[in-house]
Amino acid sequence: MDSALFPEGVKRCSPKVFLLWTLPWLALLAWGGLSAFLCLWKGLNQTNMSNIFAFAIWIVFDLAVIALGAGAFFTGFLTYVIGRKELKSIINAAVIIGFICYSGAVAMLGIDIGQPIRGWFIFWHANVHSMLTEVSFCISAYLGVLAIEYIPIILENRQIEKVPHLRLFGHNLHHIMGVFAATGTFLSFFHQGSLGGMFGVMYARPFAERWDFYVWPTTFFLFVFSAIAAGPCFTILCTKLTEAISRKKLVPDNAVQFLARLSGWLLSGYLVLKIIDTAVWANTTVPNAGLGLMDFYREGPYGIWMLIAEIGIFGIVPAVMLMIPQVRQNPAGLIVACLMNCTGIVLNRFVFIIATLAIPVMPFARFWSYLPTWQEWGIAMALVGYGFLLFSVSYRYLPVFPKEQELNPAMNG
Amino acid sequence: MKATEGKYKYGMVINLDKCTGCGTCTVACAAENNLSVIRDETDKQRTISWMQLFKVTNGKPFPDTEVSYFPRPCMHCHNHTPCVSVCPPTATKMDYNNGIVSQIYTRCIGCRYCQAACPYQARYFNWWDGHFPKGTERYLSPEVSVRMRGVVEKCSFCHHRLMRAKEQAYAEDRRELEDGEYITACTEVCPAEAITFGDLNDPDSKVAKLSKHPQAFRLLERIGTEPKVYYISSKDWVRRMADNYHPNEFQPV
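Protein sequences appear in the order of chains S and F. Note that our numbering has the first sequence beginning at 156, numbered continuously upward. Note that our numbering has the second sequence beginning at 22, numbered continuously upward.
Read the hints as simulated data drawn from the structure, not as lab findings. Careful, some of the hints might be misleading.
Only pairs whose alpha carbons sit at most 20 Å apart, straight line, appear in this in silico DMTMM-like list of lysine to aspartate or glutamate [said to hold, decoys possible]:
1. F:76 - F:264
2. S:197 - F:150
3. S:166 - S:561
4. F:76 - F:257
5. S:197 - F:62
6. S:197 - F:61
Chain S on its own, in the form it takes in the complex:
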């Protein structure tokens, strides 16, 4: 029925099967829609956020998907600026994943702020000293860049491409994509960094505070580094999931292996800096605040396990796995290592957001706990539903994987 819209020479499932596939994701979106309506209509009292947990699960999701979506800018940088030709087979997928992550995060932030209609005040009354201002400017601009990078992929749809002007426009955009990739890299560097900076500059919260390098706290650089270490792994995971569901090979191994190897080295580099940073923090910032390292890890569930899990189990282990060719060339080894890498980065964001707020600074302030409401989960899960839906629709109708036809000659439809 819709086969005229499929990319040239590839096979897709029937519309009925596709509709069934989209139903769970549409259900998640409906759940999120209801939650968003309640939060916008009745206010943020629909959540379990509080004056203690001013940031909560939505900010964790935001920072997590923005870090995981870093595959878009980093793969774009490697493809168009550095000139790694093999990555052209995965760059479209990376761009779409990035677009999903960033647009989802921006939509989520629109609900998270108490006065969404005043969101533009950040740009109008901008406080240039605030890391959140830098985040807002760079994320908004980068979302625009991602949209520009996404447009040529849409214009490559078999029917749209028949319109001469649109085809020409798409081809011209392709030619100048290096400029947007470089712009995206610049913007991403600053917003990934400023997201980390947001926590490092909170000098009155010793758990988050980090020493400054020039005008930025070390978390600025650590967040950039960790995002480019985890982003490509998330792109690999999404690609492998698409391959598993569609039962096709979509990306040549050389592209995946290059990204996996690079991730391994970047993660190792990041971990070296993270360990140095943690050691410096534990021996300067923490004692200067009159505290010992273990003072931070004795409240509720936020024990020292967080540090061990983040740096050791979900840091060093996947870094080593990704650096060993035999492990990353093993399909299961690659998936496990990528999953662990992404988990470690999400845990890092969780610790900086939730644990920072949960640990009281005043000696006589009590510890509070937090669990999200169904409305909070609804909006967070809507991001997952939106991601699956947009990626599925893109895969069905757009040439997301340019090598698909070549890699699956027997399945050409």
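Model the placement of chain F on the given structure of chain S, informed by the hints.
Relative to the frame of chain S, chain F by itself:
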């Protein structure tokens, strides 16, 4: 971003030896500043109390148990005010001329970054629309705007009282305020006279003299926020409660 010293620097000294924890300061503050109530005031993570009382004990069993209270307004931090520097739409500012950290409710977007940055838990978000039980709306002060849902609010050192005092002085052809002419609502009502308010830059003011008392201290002094709220206590264990110390580091006065 070290604050440029202005002519005035309003601050407060709270004598914890005098404080009985009666809560009058909290009630007066709420009435003076049109603080809204929420339907379930037992939800202590989301209630609004610009002047909050923290009860502390020395941890010893009866009969050696001692109790003290920390009334905690906004500290109006003077150095690199944690909330001011992070607020993206510049909705909170410190007036360098008087040291008061103010909140612009109509500019606040409700991102709550300021709450995350404040170590004193002195900032409150309006999780609900303002609620004033029937009849209480008639007691609202016309000098203080009520806040809308979705914005952050905090103690303003009763800034409207400063405006009022300045207008009075102007009407009387004076350019300077007398010590004690501008005081906050909590200062005025405290039955034990535990709170003293005034200009810390005026060496002759009562508050400036008390802030130099040997037993005066501030909350979390070592992180460097330079609060303009001082406390006095003759009890070592109370002074030790005000900050984090390594073993054997605390020096009794």
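Query - Hints not upheld, ascending by number - result: Violated hints: none at all, because every hint is consistent with the structure.
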